[in-house]
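Below are the chains, spelled out letter by letter.
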Amino acid sequence: MQDNKASAGRMPSASTLPSVSKLPGKKTGRFITEIKKNFWLYMLAVPAIIYALVFKYIPLVGVSIAFQDFNPIKGLFGSKFIGLDNFKYFFRGSQWLQITFNTLWLNVLFIVTGTIAAVGLAIILVELGKSVFVKFNQSVMIFPNFISWVVVAMFVQAFIGSDGGYINRWIEAFGGAPISFYSEPGAWPIIFIVVRIWKGAGFGAIIYMATILGIDTGMYEAARIDGASRMQAIFRITLPMLKETVILLTILGIGTIFYGDFGMIYTMVGDNSVLFPTTDVIDTYVFRSIRTSGSMGMSAAVGLYQSLIGFMLVILSNQMAKKYSPDAAIF
Amino acid sequence: MTGTKVITKSQSRLMSKGDRLVPIFFGVFVILFAVICLAPFILVITASLTDESTLVREGYRLFPSKWSLEAYKAIFRSNTIPQAYGVSIFVTLVGTALSMLVTAMGGYAISCKQVRYRNKIAFFFYFTMLFSGGLVPTYILITKYLQLGDSIWVYIIPALLNPWNMFMLRNFFNDIPEAFKESARIEGAHEWLIMFKVVLPLSLPALATIGLFYALGYWNAWMEAMLYISNEKLFTLQYIIMRIIRNINSATQIAGEGASSGTIVPPSYTLRLATAIVTIGPIIFLYPFLQKYFVGGLKVGGIKG
Chain A
1 MQDNKASAGR MPSASTLPSV SKLPGKKTGR FITEIKKNFW LYMLAVPAII
51 YALVFKYIPL VGVSIAFQDF NPIKGLFGSK FIGLDNFKYF FRGSQWLQIT
101 FNTLWLNVLF IVTGTIAAVG LAIILVELGK SVFVKFNQSV MIFPNFISWV
151 VVAMFVQAFI GSDGGYINRW IEAFGGAPIS FYSEPGAWPI IFIVVRIWKG
201 AGFGAIIYMA TILGIDTGMY EAARIDGASR MQAIFRITLP MLKETVILLT
251 ILGIGTIFYG DFGMIYTMVG DNSVLFPTTD VIDTYVFRSI RTSGSMGMSA
301 AVGLYQSLIG FMLVILSNQM AKKYSPDAAI F
Chain B
1001 MTGTKVITKS QSRLMSKGDR LVPIFFGVFV ILFAVICLAP FILVITASLT
1051 DESTLVREGY RLFPSKWSLE AYKAIFRSNT IPQAYGVSIF VTLVGTALSM
1101 LVTAMGGYAI SCKQVRYRNK IAFFFYFTML FSGGLVPTYI LITKYLQLGD
1151 SIWVYIIPAL LNPWNMFMLR NFFNDIPEAF KESARIEGAH EWLIMFKVVL
1201 PLSLPALATI GLFYALGYWN AWMEAMLYIS NEKLFTLQYI IMRIIRNINS
1251 ATQIAGEGAS SGTIVPPSYT LRLATAIVTI GPIIFLYPFL QKYFVGGLKV
1301 GGIKG
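In order, the protein sequence lines correspond to chains A and B. My numbering puts the first residue of the first sequence at 1, with every later residue one more than the last. My numbering puts the first residue of the second sequence at 1001, with every later residue one more than the last.
Only chain B is shown next, with the shape it has when bound in the complex (with noise of 0.2 Å):
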């Protein structure tokens, strides 16, 4: 509110020609950023797809001197990554339907003014956002009791539900008008069928944007397969990159598994990056539709200014 009275009267004639060059620099600014931003993904996209001895004598380059699309077909040739891709999309999939669906029935008994302990319910999950007891607990009750090691639910079952999320959805249940649920009331419909026909339609802009969070976690999931898993039929695609940074030679073995015969140099640094380029694909493909939803829920469920 001070800004106003701050600023004194100055020559406008000469703060004119400044203001015209503002933009412009501003704009110049922001066309360097957005290719900062996009660089990596044109760099290791042509890297890619140079060919592998051209790639080993001449390095990354932005124009190689020589095309394959040899990592590509090695990818999609190899059991690994397509096995690795099935899980991943699994996991993605269900894991998101299950999550939505545990935090939309959370987030709606919560939000419903009628539930006498709601505040007492939040407060319990949310505690679990305040306090942790550790990985180590954690790793020890998946493994040891709850024996979920080797199976493809551990990537599921334990990140079904993010409160942050769960508090999201509240708040925009909240936003809807009482009257909505009110005239389905007095028609008697099941509180169930409330949420499902009248609520939950009218939320669209919130789900997608939850839906996305989980999408994402679930597919970018490495940790517990580093953790959890040892069966090489379970990894997601995001292990596998990780193993592949940390050890060449997990890249060479899937591409000894997909080259095509009579290749001499099996091509395992094109790999490395076509396997990253190809799990970053779905994301691509989806990201126009999601960011219309994204920055809208985003207003709706973030940080008042």
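Okay, chain A solo, but in the shape it has when bound (with noise of 0.2 Å):
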């Protein structure tokens, strides 16, 4: 600071003698006049600046949590600092391959099964061409994608509950046993694909549908003279140009493939043990430890173990995005 502040004080003199600048402080005068220069400009990122320093960037401070037998009382400088115990902890017991591996496993089958529904849409949105009732269509497609997962998990209740819902009901009417959908955990991995469709499909396929616009309408032109089917023209012209979109967005999606879907999970299942088998991911595991007050310290090495790995994902998805599109890399 005031270094700073010593540097301000010589900075008129180094705007007008270049000789100046060439002094240890350099570097800050040269800041100084940039921030003098475009003060109001620098003035507008402030509250954003100070927005992600507070809520971004002290908790990453917090991370030394991790290595602490926090106590709320002590704070944050004040509990014991213990190492690696938290992580022994959390490693030792066999949760740790449970929920890593729901969390992967199920990112895996919405990757696929979400991009399949979302291609397969929007080939088809796009083959029949640009009508109103195509577009009402998309419209009513597109709507659940706006519905916040709780409602969705309400919905989810009506249909699947045991208390007379549609779906046992619709069982019960070819005389099926009903199936009590939330004490089994095997069923949920197909629901949460099944919900996942519902709502996100139509909306997935938005982007799908761009990339098919783009095509070089000619090459659907040399086809059909050259006798290909329209059935031909989408395996053989439509797949192969979504191509690169769709591994670009796969590349993507495992950036975040460590980090479980919070908001679908715990909605649906809630603090539900019998479904935990399948559907527990570490967000939840996390959300839960905190709120039923189990120890500060374990969730927050948990949460440092997701964000590690998280963070190298991202890293290598974005490497490997920028190797095979230069420009689609994020950074």
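Simulated from the structure, these hints should not be mistaken for lab results. Just so it is clear, CB atoms sit at the ideal spot from N, CA and C, and this is done for glycine as well. Hints are not guaranteed to be accurate.
A partial selection of chain A residues facing chain B, derived with a Cβ cut-off under 10 Å [as the list claims (entries may be wrong)]:
1. 35
2. 57
3. 72
4. 114
5. 161
6. 266
7. 291
8. 296
9. 302
Build the complex: two chains, separate frames, hints provided.
See the structure below:
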């Protein structure tokens, strides 16, 4: 701080005499000049910067909780340092394997099924051309995307709940025995997939539709003249042309594969431990341990484990995306 | 590019028959999927309009034998839900306005070419998307050090900025021809004036898009309520639903608050569903208007194919 002030005092001469810029204060001097020159522009960014500092960077300091026997009363600086004990405790149990597996496995399922559904829908919608009929149907399909997971969870309960849910009514109508879904862990990955496609396929199709509409129509023209059928055109032109977008979005999806879909899973499953074998992911585990006032230190350790591996995956996936398509990488 | 070469010459007369079937098949599929997308809403709406004892006796039905508006009446007569509605509306309106202001200001600053450190500042925000401290440090920061627990601002302040939206806006600002700004600058306009009077009015589709993102985020918030709020007067609608899903008793309680005198069965099951419908009401209402901006804005900020 003092150094800045000192160079600020020197500042006017620094701008008039170029030789002064060779002095050690050069860098701070240039910094001050720049800030002064575009002061009001920098001021515009200040609220956002303060926000990020407080809510994104300060919590990074809080990561040290992972190495503490954290006591809320003693706080961040008074709690006892215990090294890697929190991590040892977490990795010694069997739960870490389960939540890690569930997180990865569910995300793989979601990426694969979500991509297939969105691509398929995009192709079909584009094939049908532009009409009021297509527009209307598309609007209907995009709508569920905007509904909160809480409301979706309510719908799911109305459908598969054991107290007279639609699905069980239908099963009974056909003479089957009702299934109590909320105590059937095996069914949940499928329920998740169905609900995600219901909620997200219409919206996910938008980006693929944009890609398809960007394909040179001359290619289809040429294919038609050569006698190709529409299905052939789809499989031999549209799909290969979509390959790049699909690979790119998949790579980006891999970047966040270590983060479970908390909003969906927690609203639908909640604290129903019967379903944990197939539904408990890292995010729900951490959330629960905060709420049930488990060890803050261990929750933080699990969070850090997720952040670190998640960070590596994002970097890796971005590197891959860059290699694959230079202008696709985010950074 | 390889597509055209691969396609072999085949009998066009044979194919044209199949070609005529393709749109029919696709059309049927599209209608089916749209119906599936819409069906849950219809089914839940009809169930919420069913008479409570009929619902308990017959279960959910598309055409219940007895209709009733009792659940909706109970919702609006109770204290809980109108109050939660108020909280949700406040959080959404104030939150979206503040978020858009902070995002647009930051996005504009890092879009200006004359700002030498714009890329450094951008990376400062970008890093927050790559690595986070996790939920626990944030939780402790908010409850212990910022003392935001049990305050309505806990919904807004920690969610004020999404860097993704800021970058989307920056990209949009970058595409605005420099000449617009330059001419204002020559006339001696202040940088802030240029932003608010020149750049932002030219960016309405992008602003509408991020506004929608933020508004949906705020409207759909429930986790904050679960973690930080214990005062029932500050619950959002979404959190009320969350509690209802977990525990039918909270629905019964609300139904009891709002049930008309002389009701034998408080409409708790129908009230659950009616609450969900009431919650998505504003989204249905705004949907056609927002969709128009939204798809256009998404293309602007989306990943290039």
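Okay, the hints, checked on the actual structure:
For the restraint placing residue 35 of chain A at the interface with chain B, the shortest Cβ-Cβ distance is roughly 9 Å, inside the 10 Å limit, so the hint holds. At its closest, the beta carbon of residue 57 of chain A sits 7 Å from a beta carbon of chain B; the interface hint therefore holds under the 10 Å criterion. For residue 72 of chain A, the suggested interface contact is upheld, since its CB lies about 7 Å from the closest CB of chain B, less than 10 Å. Because the smallest distance between the Cβ of residue 114 of chain A and any Cβ of chain B comes to about 14 Å, over 10 Å, the interface hint for this residue is violated.
For residue 161 of chain A, the suggested interface contact is upheld, since its CB lies about 9 Å from the closest CB of chain B, less than 10 Å. A cut of 10 Å between beta carbons decides the hint on residue 266 of chain A: the least distance to chain B is about 8 Å, and the hint holds. Interface hint status for residue 291 of chain A: upheld, as the beta-carbon distance to the closest one in chain B is roughly 7 Å, under 10 Å. Taking 10 Å as the C-beta contact cut-off toward chain B, the hint placing residue 296 of chain A at the interface holds, the least distance being around 6 Å.
For residue 302 of chain A, the suggested interface contact is upheld, since its CB lies about 8 Å from the closest CB of chain B, less than 10 Å.
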